[in-house]
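Engineer: Listed below are the residues making up each chain.
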Amino acid sequence: DTGVSQDPRHKITKRGQNVTFRCDPISEHNRLYWYRQTLGQGPEFLTYFQNEAQLEKSRLLSDRFSAERPKGSFSTLEIQRTEQGDSAMYLCASSLDATSGYNEQFFGPGTRLTVL
Amino acid sequence: GQQVMQIPQYQHVQEGEDFTTYCNSSTTLSNIQWYKQRPGGHPVFLIQLVKSGEVKKQKRLTFQFGEAKKNSSLHITATQTTDVGTYFCAGRPRGAQKLVFGQGTRLTINP
Numbered sequence: 001d002t003g004v005s006q007d008p009r010h011k012i013t014k015r016g017q018n019v020t021f022r023c024d025p026i027s028e029h030n031r032l033y034w035y036r037q038t039l040g041q042g043p044e045f046l047t048y049f050q051n052e053a054q055l056e057k058s059r060l061l062s063d064r065f066s067a068e069r070p071k072g073s074f075s076t077l078e079i080q081r082t083e084q085g086d087s088a089m090y091l092c093a094s095s096l097d098a099t100s101g102y103n104e105q106f107f108g109p110g111t112r113l114t115v116l
Numbered sequence: 117g118q119q120v121m122q123i124p125q126y127q128h129v130q131e132g133e134d135f136t137t138y139c140n141s142s143t144t145l146s147n148i149q150w151y152k153q154r155p156g157g158h159p160v161f162l163i164q165l166v167k168s169g170e171v172k173k174q175k176r177l178t179f180q181f182g183e184a185k186k187n188s189s190l191h192i193t194a195t196q197t198t199d200v201g202t203y204f205c206a207g208r209p210r211g212a213q214k215l216v217f218g219q220g221t222r223l224t225i226n227p
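Just so you know, the sequences run in chain order X and U.
Okay, so the first sequence: first residue is 1 according to the numbering used here, each after it adds one.
Okay, so the second sequence: first residue is 117 according to the numbering used here, each after it adds one.
Worth double-checking, as some hints may not be accurate.
[What the hints assert, rightly or not] Not close to chain U: a few residues of chain X, all C-beta gaps over 10 Å, as computed:
| hint | residue |
| --- | --- |
| 1 | I26 |
| 2 | R64 |
| 3 | Q105 |
| 4 | T114 |
[What the hints assert, rightly or not] Here are a few chain X residues that face chain U, going by a calculated C-beta distance under 7 Å:
| hint | residue |
| --- | --- |
| 5 | P70 |
| 6 | G72 |
| 7 | F74 |
| 8 | Q80 |
| 9 | E104 |
| 10 | F107 |
Since the hints were made in silico from the structure, they are not lab data.
In this text, all values refer to a predicted model and were calculated from it rather than measured experimentally.
Just so it is clear, CB atoms sit at the ideal spot from N, CA and C, and this is done for glycine as well.
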């Protein structure tokens with residue numbers, strides 16, 4: 001167990017509905033990342049937080065997607081007006097802000113989203 | 117934009133044979149990481165390479181980072197059934213904190 005938890009593990013929703021996912025990183029990790037993974041592909045970067053600040057965001061992230069990390073601990077990812085193309089595994093990862101530059105990412109189990 | 121290409125996409129070997137996967141970035145990287153994902157699981161960190169020309173070994177696994185810091189490889193000697201899974205390289209572009217993952221190489225093994 002890596003220590004990163006995500007909730008829910010599975011979500012089935014109808015097109016047009018809003019969904020929200022939660023990620024709890026390893027407690028001492030100040031960096032948190034969201035990725036999306038579809039079948040047969042590698043994880044695709046969505047966004048990154050250092051503490052509560054959202055420092056980087058993929059250009060692929062449409063305005064229907066928003067992420068927050070209000071207190072620098074857990075994070076939420078919201079998708080508004082879901083589309084069938086949003087169906088994927090949403091992965092959260094966390095890492096230490098290591099001055100050595102050695103910063104392996106610990107992944108959570110993911111939330112599998114199915115949009116009908 | 118930044119791209120990381122990984123080949124082959126699939127590799128099937130007999131148990132005991134060697135396996136290699138290759139990774140190539142469109143731009144110079146500050147470092148590269150390798151992850152393994154078992155079927156139904158999430159990516160698990162294997163190693164990070166930082167220096168140009170760096171070679172690291174973990175038991176039967178050998179990782180290399182190219183001199184130009186744009187390519188990398190993972191070689192497994194004498195595969196075992198526990199090596200089954202998808203191996204991803206993930207490059208960190210200079211000046212960024214995100215990782216750009218390759219498409220992965222899915223390894224299956226005939227016992």
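Engineer: Now tell me, hint by hint, if it's right for this structure.
Structural biologist: Against the structure, the hints:
| no. | hint | result |
| --- | --- | --- |
| 1 | I26 | holds (13 Å) |
| 2 | R64 | holds (20 Å) |
| 3 | Q105 | violated (7 Å) |
| 4 | T114 | holds (16 Å) |
| 5 | P70 | violated (20 Å) |
| 6 | G72 | violated (16 Å) |
| 7 | F74 | violated (18 Å) |
| 8 | Q80 | violated (23 Å) |
| 9 | E104 | holds (4 Å) |
| 10 | F107 | holds (4 Å) |
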